[in-house]
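S.K.: Each chain is listed here by its residues.
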Amino acid sequence: MSSADADLIRQPASVLAAAICDGEVSSVEVTQAHLARIAEVDGRVHAFLEVTAEAALETAHLVDEKRKSGANLGVLAGVPIAVKDVLTMRGVPTTCGSRILEGWRPPYDSTVVARLRAADMVILGKTNMDEFAMGSSTEHSAYGPTHNPWDLERIPGGSGGGSAASLAAFEAPLAIGTDTGGSIRQPAAVTGTVGVKPTYGGVSRYGLVALASSLDQAGPCARSVMDAALLHSVIAGHDPRDSTSIDAPVPDVVAAAARGDVRGLRIGLVKELSGDGYQPGVLQRFNEAVEILQGLGAKVVEVSCPNFDYALGAYYLILPSEASSNLARFDGMRYGLRVGDDGSNSVEQVMSLSREAGFGAEAKRRIMLGTYALSSGYYDAYYGQAQKVRTLITRDFTAAFTKADVLISPTAPTTAFKIGEKVDDPLAMYLNDIATIPVNLAGNCAMSLPVGLSPADGLPVGLQIMAPPMADDRLYLVGSALESALTDKWGHLLIEEVPNL
Amino acid sequence: MSTNHETVPFEEAMTRYEPIIGLEVHVELGTNSKMFCSCATAFGAAPNTQVCPVCLGLPGSMPVLNRVAVESTIRIGLALNCDIATWCRFARKNYFYPDMPKDYQVSQYDEPLCTNGWLDVTVATDAGPQVVRVEIERVHMEEDTGKLTHSGGATGRIHGADYSLVDYNRAGIPLIEIVTKTVVGTGALAPAVARAYVTELRDVMRALGVSDVRMEEGSLRCDANLSLNKPGEGWGTRSETKNVNSLRSVERAVYSEIERQAAVLDSGGRVIQETRHFHEDTGRSTSGRSKEQAEDYRYFPEPDLVPIAPSRTWVEELRATLPEVPSVKRARLQSTWGINEFELATLVNAGAVELVEASIAAGVDAAAARKWWTGELLRVANERGVELAELPVTVSQIARVEALIADGSLNDKLARQVFEGVLAGEGDVDVVIAERGLAVVSDDGALLAAIDEALAAQPDVAEKIKSGKIQAAGAIVGAVMKTTNGQADAAKVRALLLDRLGVSE
Amino acid sequence: MTAITREEVAHLAKLARLDLSATELDHYAEQLDVILQSVARISEVAADGIPPTSHPVPVENVFRDDIAKPGLDRAEVFAAAPATEDDRFRVPRILDEEEA
Ligand SMILES: [Mg+2]
Ligand SMILES: [Zn+2]
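In order, the protein sequences belong to chains A, B and C.
Residue 273 in my numbering is what sits at position 273 of the first sequence, and the numbering runs on without skipping anything.
Residue 945 in my numbering is what sits at position 444 of the second sequence, and the numbering runs on without skipping anything.
Residue 1078 in my numbering is what sits at position 72 of the third sequence, and the numbering runs on without skipping anything.
Honestly, the hints are just simulated from the structure, not real lab data.
Note that the coordinates shown come from a computational prediction; the quantities given were computed from them, not determined experimentally.
Any given hint could be a false lead.
As a list, the in silico DSSO-like pairs of lysine-lysine whose alpha-carbon atoms are at most 27 Å apart [to be verified]: (1) K1020(C) with K743(B); (2) K1075(C) with K648(B); (3) K682(B) with K872(B); (4) K970(B) with K993(B); (5) K594(B) with K1020(C).
Below, a sample of chain B positions facing chain C; criterion: calculated Cβ distance under 8 Å [to be verified]: (6) A547; (7) N549; (8) V569; (9) V571; (10) S665; (11) V807; (12) P808; (13) I809.
Heads up, the beta-carbon is just placed ideally off N, CA and C, and yes, glycines get one too.
Chain A extracted, bound-state conformation (with noise of 0.2 Å):
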């Protein structure tokens, strides 16, 4: 990799948007970077799951071609970009990190990525991720776990661990995420990165691949807050092929990163979501951010969300009753993995050996949850309870939102833990998502960011803003006066201080 190279790839997306724009550079030559990055460190790092280095050089010629004749480029034009692997994208495999869909290659383009294409953006390729989205390490691949590039011994958080490492790693200057229960937000918060998971409904799900269908969100996933609010812009807004989206206009996110101020905004420590649990260096971080706020000119009270201690007990019998429902339609039958059709099985054996070959043990785990919390007998005391939790959540959230009008907290309770550490004690993988579930079942929306590394370990530590629905720009707003602050103590953003790989 040359060192014009080396330079290219470590530019925020909004300083490369602007090269592109001004001529300075070409899409052809910031591509040309990525991939080489891509195919030098992505045997290590394994962010992506499929490269589509031929497809993405002829869109950055068009691009470059399109600048040259004078026609008008969006503000991300010709710059490079992750999808992780669970958006659909026409001809390109789509397999959700799972081996039930090996080589399908949709006949359609998700509403997120023909939003990308509309913006001349470049697609770089997809990328790794939890077999449908269920984890939060990114083991639970089918396809090999993806390490972070910190320390490649770790996770890079999950669902979305491709998305976040490959920002990490410089093979791609944004990236896509999607966030059930945390999946953009907590890779984020163990990568160093910048991860949003929108208000529900803000982000178009036509073409997500559903995992559970009342809390997925796709987001961006960036290396800086305006980078992240940038990419907002271009993926949200109302899609009339998605029933729940709003109809709405979008908060305007990069006005609100541009301005990056908290002077007089009330912003709420969440009593639960701190203490017991949560690793003292970061808590110490997080400590050291609300300090840092209050300088700013923010006041900080402390609210109390009592109902967050169910959240957990709530999210776990919700998402996997829909993810239970959700993948019922990979059965072998019009797509996908088909085993033991021998002509000696039945249309129901062939389902069941199909499906029994081609999801993974988390996958497995979670739809035998979800079969049992909906099966008649059980729907009252698990399902039909926990949406009744989830109404006492978001009233939570209502009452801290007239004492406060962002709320905080640690994104993740621990840093980057070990490959192979809790891959089959489910119940400590759940916990990683204790700060970052309560959003989902409200359907709010969050942003992490980077505040240190904890002194334990010199792994990042994330913190999280929440706002109120279809308040996506505060989250900006106290990201981005955050973020400076903290830039002018270091004298740079974290994520310059990740290890060469």
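Place chains B and C with the ligands on chain A using the hints.
M.R.: Below, chains B and C with the ligands alone, put in the same frame as chain A:
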């Protein structure tokens, strides 16, 4: 597979048991596009050509509800005297089957759009027509499944097949399920009530214009639930008979199931809760999958769709679009047209009611309008295997022909030939008349010559008439009509003949 | 909430169309039990009279116009199918041996 052919004759069964029926009717709505996607719904398209990511259940696809499907359902609910929900949701009914692309059906479960209605139906009894009120439990929306065909084995049926083939064109077509409450106390009328109900429902759908309700194409499907109980005892176990594909079969299915269950109960056995398949050829049913090990459908609210909350304004707007209820309309027509029930039934069965109405509105005499549509034209429609309305004959053409008959330019026989020409595509009424030279011979001289010729050929008949046997005149009139190729006015020939012979009526 | 039995796990596996091995049945019986016990805490929450939340954002009455549009190219759809025949998806026989 148990096939119990033991039966007790119906009349005998009725002496010991009381039948309780319940009917579930599925109606495919005649929307342009499917329930949750924009795929076309045309019947008979090449397999798997009306499919998209949504109705194929491809990963990532999402449903968006068809507004017209909702409006049609509300209109059906209103026509069936139902309450319309103020807020309701779809649910997922989870079960695996290869004709169902997502392995769950999007349906309404505990929150149907319409509830608590009724429909009055009339059945013939020895004591005259009797009105039975069938109460309706619910009207809800759901999506249709794909179509399976079975390959290998001897019969092309699911049993013994080596494998099956799936066409998903039908998957996702909007279906309305109309479920009755249990209908009790109908006794031996139960089979007739079942048939009358489905017939009436079909007419309501047709009047609403929401479906083409063709049982043979599956756009109206009926499942008949039946149980028997001994008077004074609790209700028996019910069976559900499917694959009932014609109105006649609805009646036969209930009839034969009464005979079968009576035999089971008589022999001390117990009726199994099961699905049975009706066979058109034998008029009997065979056992399908037993429901004793009940499926667990794991219903839960469909998270990919948002609730429907029809405003009362919208509901009232839809109510304003309702046509006259078929039973009310029939009573009105019967009295204004002065016809009996049998004649009306003929019109209804022929699908001729609207056509006759329109013809009358165009100035045609009521009796003449009925005569044309249920006579000659119906015969041709049946011959061609099409609906009456599909014939290339218009209401204004009937009016034109009738006007020509009235002014004596055409007679009945010639009019028939005019329609023959119109149906053969020879052109409009006047073109056919001109091309075929169809005009009544009104020249008295020519007619008198023909009369004289006929009298000369049949002198004995002439004598009979002269002696007062006027009924014998028919033979001479017939002969004259023959020589004029039917282009004479028979009444006029008769008058001229009698005048010629100096006889009066 | 009672402990989940191996038989229940087997029944669930059948409902979910998973041909689990004997080892898996034991493993999941144990793990589901642990998970269910931990999530069962939610039953402590007194939620009588609390409406359930099925949709996180209160959107209602989302409809599309009834306009038909062309669908997918059949060849592209069939390219991803495990088996097709006669322009249809081919699937194994529906009934089990004993039912057939
Ligand atoms: Mg149904
Ligand atoms: Zn479709």
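S.K.: Each hint should be assessed against the structure and marked as holding or not.
M.R.: Going down the list of hints, with the structure as the test:
Straight-line distance between C-alpha atoms of K1020(C) and K743(B) comes to about 26 Å, which keeps the hinted pair within the 27 Å bound. Proposed proximity of K1075(C) and K648(B) is supported: the alpha carbons are some 21 Å apart, at most 27 Å. With a CA separation close to 40 Å, the supplied pair K682(B) and K872(B) exceeds the 27 Å bound. A hinted pair counts as satisfied when its Cα atoms are at most 27 Å apart, and K970(B) with K993(B) qualifies at roughly 19 Å.
With a C-alpha separation of about 16 Å, the suggested pairing of K594(B) with K1020(C) holds against the 27 Å cut-off. A hinted interface residue such as A547(B) counts as satisfied when its beta carbon comes closer than 8 Å to some beta carbon of chain C; here the least separation is about 6 Å, so the hint holds. The beta carbon of N549(B) comes within 5 Å of a beta carbon in chain C, closer than 8 Å, and the hint placing it at the interface holds. The beta carbon of V569(B) is positioned within 8 Å of a beta carbon in chain C (closest approach about 4 Å), and the interface hint is therefore held.
Look at V571(B): its Cβ gets to within about 7 Å of chain C, closer than 8 Å, so that hint holds up. A hinted interface residue such as S665(B) counts as satisfied when its beta carbon comes closer than 8 Å to some beta carbon of chain C; here the least separation is about 5 Å, so the hint holds. Because the beta carbon of V807(B) sits about 5 Å from the nearest beta carbon in chain C, less than 8 Å, this interface hint is met. For P808(B), the suggested interface contact is upheld, since its CB lies about 5 Å from the closest CB of chain C, less than 8 Å.
This hint holds: I809(B) has a C-beta 6 Å from the nearest C-beta of chain C, less than the 8 Å allowed.
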